[in-house]
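Which chain is which? The protein sequence lines are A and B, in order. So for the first sequence, the numbering used here puts the first residue at 40; every next one is plus one. So for the second sequence, the numbering used here puts the first residue at 12; every next one is plus one.
Treat the hints with caution; some may be incorrect.
What the hints assert, rightly or not - Below, in silico cross-link-like pairs of lysine-lysine (DSSO-like), each with a Cα-Cα straight-line distance of 27 angstroms or less: (1) A:Lys58 with A:Lys290; (2) B:Lys82 with A:Lys288; (3) A:Lys304 with A:Lys452; (4) B:Lys134 with B:Lys179; (5) B:Lys239 with A:Lys84; (6) B:Lys380 with A:Lys87; (7) B:Lys143 with B:Lys239; (8) A:Lys127 with B:Lys380; (9) A:Lys288 with B:Lys269; (10) A:Lys455 with A:Lys288; (11) A:Lys336 with B:Lys380; (12) A:Lys49 with A:Lys288; (13) B:Lys239 with A:Lys87; (14) B:Lys82 with B:Lys269; (15) B:Lys162 with A:Lys433; (16) A:Lys404 with B:Lys239; (17) A:Lys290 with B:Lys269.
What the hints assert, rightly or not - Computed list of chain B residues with no C-beta within reach of chain A, every gap over 10 angstroms: (18) Gly141; (19) Ser142; (20) Pro153; (21) Leu293; (22) Arg315; (23) Leu416; (24) Ile427.
These aren't lab readings, by the way, just hints derived from the structure by calculation. Positions of the beta carbon are idealized from the N, C-alpha and C atoms, including for glycine.
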Amino acid sequence: MRRIAHVIVKEFRQVLRDKPMLAIIFLVPIVQLFLLAFAITTEVKHIKLQVVDLDRSSVSREVVRTFAHTDRFNLVGYTTDLREVRQKMRSWQTQMALVIPPGFGGQLRRNLKPQLQVVIDGVDGNTAGVSMGYARGILTEFGVDYAKQHWGPANLGVIPEQSASQGSTADLSVSQSSASQLPPGQIVQQLTQRSVQFQPASIQFRPATMEERMWYNPDLSTQQFMIPAIVVILLTILPMMLSAMSLVKEKEIGTLEQLMVTPLKRLELLVGKLIPFLILSYVELSIVMTVAILFFKIPMNGSYVLLAFLALLYLFTTLGLGIFISTVGRSQQQAMFIAWFFMVFMIMLGGFFIPIENMPSAIQKLTYLNPMRYSIQIVRDIFQKGSSLRFLAKDVIPMAVFGFLIFTFSVVKFQKRVK
Amino acid sequence: MVEARTFRVALGAANRTSGRANGGTLAGRASDRGLAGAAIRAFAGILGSRAGNASRASNPTRGRILAIARKEFFHIIYDFRTLLIIFMMPVLQLIIFGYALNMEIQRVDMAVVDFSRSTESRKLVEEFSGSKFFRPFYYQEPVSGLDDLFKSRRARAAMVIPADFAPKLRASPNAPVQFLIDASDANAATFVRMYCTQVLFNYNEDRGIKTLIPFDVRTAILFNPNLKSSYFFVPGIIAMILVMISCLLTSITITREKETGTMEQILVSPVRPHEIILGKVLPYVALAFADASVVVFMGLVVFRVPFEGSFLLLVALTTLYIITALSLGLTISTRVRTQQVAMMFAQVATVLPTIMLSGLVFPIASMPKLLQYVTYIIPARYYLLIVRGIFLKGSQLVHLLEPTLFLAVMALVLLITSVRRFSMNLER
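This is chain A alone, in the form it adopts within the complex:
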């Protein structure tokens, strides 16, 4: 016991003496937290929009204004040449173009169903898909508003289809009276298409509408989702890197042999080396949690005790990985690269910013081998949903199994290596 304490003291001194290392341990996580928390947004904002207004009517200007009003679009310029749009996209100066054809306003007034065109740079598929959705949404809203304003509120943007015309006589009378409120173009069009009387939104046709409740995260904040996961990532990087590097360093400069000839037992050496990192990890966890809760105002709905306990379980995995790397790597550089390789794999396939459900099923099965998959889910659920152990069991059990296996395997491998 005394011997373990000596190793702990030695290890602490070694870490605390190395000023740049200390800065890296304590400053870097904070920097990373801020960087990641602000940079990771899957939201799409400020899409560079170019307007090709060939109509120049009051309506077309109104359309453009609705786009200029949101922070989703940034109006970058007007042009009359469609070829210029392509050139501008090649030089990344525009991402989307709204093409209003000549005669748009006039056709709209006569209700001839004119066309609008939206040209999108598809290189970034995700952004393009989202901006297409935005543009459609804005244009639909504009269209409904236009219909309301110009054709009276009686329609409210909802009309029945012509084919469903089993209306009673009472319906017919209603339809005639409200038909006068409809724009003439509509009626002409319908009459020419089929000689059926127009029916307004009648008693049989009431729309089902949506009433939504966003649970756990009503403001749909990305940070609330990402920051708990960043906590896990820091809990992975620090213990894994520190333990791997510190063990390899002793090996590289030959002090490991010196420690071996002392009466210190191998297990004692390992325990003595790991405890300081465990403590450092907890210190870091509390710093990051404090910043997350006080600065980013991330609600913590679950139990702190549960989180601390499960963090300990997870630390077995990451410290175990660190020991494993130290047995595989010969030099610090190698250890660093191997650790880095593990990290990229774990982060990419851990559901950190790529949702696991969206992956192809072969890769999804691969993610079950990734301990970070479980820990990210657990920490997110504790923060956001306040889940108790009962609900987390299906993640906690595999995580604990992984921790146990990796830790024992690495310790055994380390013991053999050292002999």
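For chain A, the structure is supplied; the task is to place chain B on it using the hints.
This is chain B only, laid out in the frame that chain A set:
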């Protein structure tokens, strides 16, 4: 013919060098690995023979640079594990980014609480099961149990159809249906909401209700009409790999010489500081190009990413980017003493920002203003525009003038400061 001869000459040179000091055993070891070994031996031989020729042709600078390059090359080959990781990493990332990165969610599990139990409500549920977005299942227990359902993640959304749904569909202005969505993943929740709106819209349309929009909207998608994410990420990964190798590896290799004390040994030799730098950097440039070629090849063959632009322009601007990244690596190596700090620093200062802040994954325009200004000092930001533009849009130099200029200025400033600091450090 000529190639075969060069190869033989190279092999001969390799055999000749293998007698000499350090490289010999390594080349021998490498040759055990079959074809790869032969290639390595040939390359080492070329370096060796060139060095020999050059020194014979009384060009001592070139000879010394190549000698250092050869030494560094053997360092790289010797560290087989690192080399493996350097080549595995891009391939792994390519596969993950190419196949797995997909922000749109599908097949959402949805609990249905049907209080209405009418033909209308059944049709609504059918509409949901008919869409590819949802997997609805009936949930008989009380609504208060939905919280448990979300917590155990058996459902991501729930639809509550009120008891008066059917009569309201006939009489009220509208018949509300309640949707409870697990919004812990905000992005996914947005998609779920969008899908719900879509399905409800279809349901209303099936019943003969149409939303009236007085115009049609047509969309045209340029350059990547199927919105494939692999087209976007494959060229992007080149930017990341080049930074990783040119900046991270280079900064480590110089600090390693400092840490182990071999830098002094090199300094007392007649090699000049700028020759050391060039010699040390050359193999990494070759490595970076090799790695980038692997990605380009896989991208073109496996992912079938189109290549619209000029290959020459890509090579030229890639070289510019590599110079920028190398200078950054040199700057780091002049400021730190140990490998550990250099690695940590290079990772935090270059690799992480390249992944997070360059626009590789997350759009810069969506970041807060302050962070957007930070992105201006990240070389990958400009290179991404260049490489994606050339690959997918067929952009020419005219279109890429702005990023090229930024990159050139950055390279110049970094190169001058790093070389000056480096020589100062060495001569002291």
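Evaluated hints:
no.	hint	in the structure
1	A:Lys58 with A:Lys290	22 angstroms, holds
2	B:Lys82 with A:Lys288	24 angstroms, holds
3	A:Lys304 with A:Lys452	15 angstroms, holds
4	B:Lys134 with B:Lys179	15 angstroms, holds
5	B:Lys239 with A:Lys84	20 angstroms, holds
6	B:Lys380 with A:Lys87	16 angstroms, holds
7	B:Lys143 with B:Lys239	19 angstroms, holds
8	A:Lys127 with B:Lys380	23 angstroms, holds
9	A:Lys288 with B:Lys269	16 angstroms, holds
10	A:Lys455 with A:Lys288	18 angstroms, holds
11	A:Lys336 with B:Lys380	20 angstroms, holds
12	A:Lys49 with A:Lys288	14 angstroms, holds
13	B:Lys239 with A:Lys87	21 angstroms, holds
14	B:Lys82 with B:Lys269	16 angstroms, holds
15	B:Lys162 with A:Lys433	11 angstroms, holds
16	A:Lys404 with B:Lys239	23 angstroms, holds
17	A:Lys290 with B:Lys269	19 angstroms, holds
18	Gly141	15 angstroms, holds
19	Ser142	15 angstroms, holds
20	Pro153	16 angstroms, holds
21	Leu293	19 angstroms, holds
22	Arg315	15 angstroms, holds
23	Leu416	12 angstroms, holds
24	Ile427	26 angstroms, holds
The structure shown violates none of the earlier numbered hints.
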